[in-house]
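Mapping of the sequence shown onto this note's numbering: residues 4 to 274, in sequence order.
Think of the hints as simulated: they come from the structure by calculation, not from any bench.
Be aware that one or more of the hints could be misleading.
[Said to hold, decoys possible] In silico lysine-lysine, DSS-like type, Cα no more than 30 Å apart, as pairs:
| hint | residue 1 | residue 2 |
| --- | --- | --- |
| 1 | 213 | 194 |
| 2 | 213 | 195 |
| 3 | 194 | 145 |
| 4 | 131 | 81 |
| 5 | 49 | 163 |
| 6 | 256 | 163 |
| 7 | 29 | 49 |
| 8 | 81 | 29 |
| 9 | 163 | 213 |
| 10 | 194 | 163 |
| 11 | 98 | 256 |
| 12 | 256 | 100 |
| 13 | 29 | 98 |
| 14 | 195 | 29 |
| 15 | 100 | 263 |
| 16 | 29 | 263 |
| 17 | 80 | 213 |
| 18 | 195 | 210 |
| 19 | 51 | 146 |
| 20 | 100 | 194 |
| 21 | 194 | 29 |
| 22 | 210 | 149 |
| 23 | 145 | 195 |
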Amino acid sequence: MLQVLVPTDFSNNSYNALYYAARLFKDRPATFHIVNVCSSGNDPQKEKAESAAIQELDALVHRLVRDAGENERHMFKKVPLCCDLTTGIAAYALKEKVDVTVIGNKEKEEIKHILFGNNAMQLVRDIKSCPVLVVPLEIDFKKVEKLAFTSNYANPISQKNIDTITFFGGLMDSEIIPMSIEEKEGDALVKKHRSDFLEAVSADASKEVKLPVFDGKVNTILEFIELWGIDMLCMVYHPHHFFLEFIGKGIIKELNTKLKVPFLILPDNPN
Numbered sequence: 004m005l006q007v008l009v010p011t012d013f014s015n016n017s018y019n020a021l022y023y024a025a026r027l028f029k030d031r032p033a034t035f036h037i038v039n040v041c042s043s044g045n046d047p048q049k050e051k052a053e054s055a056a057i058q059e060l061d062a063l064v065h066r067l068v069r070d071a072g073e074n075e076r077h078m079f080k081k082v083p084l085c086c087d088l089t090t091g092i093a094a095y096a097l098k099e100k101v102d103v104t105v106i107g108n109k110e111k112e113e114i115k116h117i118l119f120g121n122n123a124m125q126l127v128r129d130i131k132s133c134p135v136l137v138v139p140l141e142i143d144f145k146k147v148e149k150l151a152f153t154s155n156y157a158n159p160i161s162q163k164n165i166d167t168i169t170f171f172g173g174l175m176d177s178e179i180i181p182m183s184i185e186e187k188e189g190d191a192l193v194k195k196h197r198s199d200f201l202e203a204v205s206a207d208a209s210k211e212v213k214l215p216v217f218d219g220k221v222n223t224i225l226e227f228i229e230l231w232g233i234d235m236l237c238m239v240y241h242p243h244h245f246f247l248e249f250i251g252k253g254i255i256k257e258l259n260t261k262l263k264v265p266f267l268i269l270p271d272n273p274n
């Protein structure tokens, strides 16, 4: 059974992520771990906070069933946590062997909510055991016809990440589109990583798309997404790699603020 973690602060952002996940995985048996960090671990009022969080979690699940419909394949585990926000959620994901964490993106008027913005990127950094799917605020759910994956192949793409890409592609029979940005000729190792990945996904993917940089790499990716009608973008997060300006926190953080499609961020070395 698929284990899906959805942190919530009861904002529109987090509800939208939960609703999207319920629709995305509607045909898969899944347990949804709906987690609210209601207080810190040393809060003297934590029992009161937990009780209030449980009531709100009950109401949240009731709203989801009303909006998305009853689904016999889905189970819900409502979890109030008293801990540090990002490290507590990351520890929970590891302990419960979560397959994917789904979070919502924010808009400026919702900066009062704690889960998003810088904390969203901190979750991406702290959750090393599973991919993180970032869902833009209030997008309409639609079938993922095209899933784009982009990398500079400075590191090999792990088999577990390849399996994740093909799993998400298989959810809705999506076309997987490898996309690369033309740069200087790569070394032999980069070529091997790229060749190995393309061979591994060849049965499920289209021919690779190579794009020239015309206005910075982020804008190149955004233009590609719009022109090609991409429904989900996927990248690997390399937190300590030499090529941070392309594939690390810089580009992922910037894309996360500008993307209008779901963003699947894979861990560097998945457990």
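Evaluated hints:
1. 213 / 194: 14 Å, holds
2. 213 / 195: Between residue 213 and residue 195 the Cα gap is close to 17 Å, so the pair holds against 30 Å.
3. 194 / 145: Violated, at about 35 Å.
4. 131 / 81: 22 Å, holds
5. 49 / 163: 38 Å, violated
6. 256 / 163: 23 Å, holds
7. 29 / 49: 34 Å, violated
8. 81 / 29: 19 Å, holds
9. 163 / 213: Holds: residue 163 and residue 213 sit about 25 Å apart, inside 30 Å.
10. 194 / 163: 20 Å, holds
11. 98 / 256: 26 Å, holds
12. 256 / 100: Holds - the C-alpha atoms of residue 100 and residue 256 are around 26 Å apart, at most 30 Å.
13. 29 / 98: Distance ~24 Å between residue 29 and residue 98 Cα, so the pair holds.
14. 195 / 29: Roughly 37 Å separates the two Cα atoms, so the pair is violated.
15. 100 / 263: Cα-Cα ~29 Å, so holds.
16. 29 / 263: Between residue 29 and residue 263 the Cα gap is close to 22 Å, so the pair holds against 30 Å.
17. 80 / 213: Cα-Cα ~43 Å, so violated.
18. 195 / 210: OK: residue 195 and residue 210 at ~17 Å, within 30 Å.
19. 51 / 146: 41 Å, violated
20. 100 / 194: 33 Å, violated
21. 194 / 29: Violated. Residue 194 to residue 29 sits at ~38 Å, over the 30 Å cutoff.
22. 210 / 149: 13 Å, holds
23. 145 / 195: Between residue 145 and residue 195 the Cα gap is close to 35 Å, so the pair fails against 30 Å, i.e. violated.
Going down the numbered hints, you'll see the structure goes against 3, 5, 7, 14, 17, 19, 20, 21 and 23, while the others check out.
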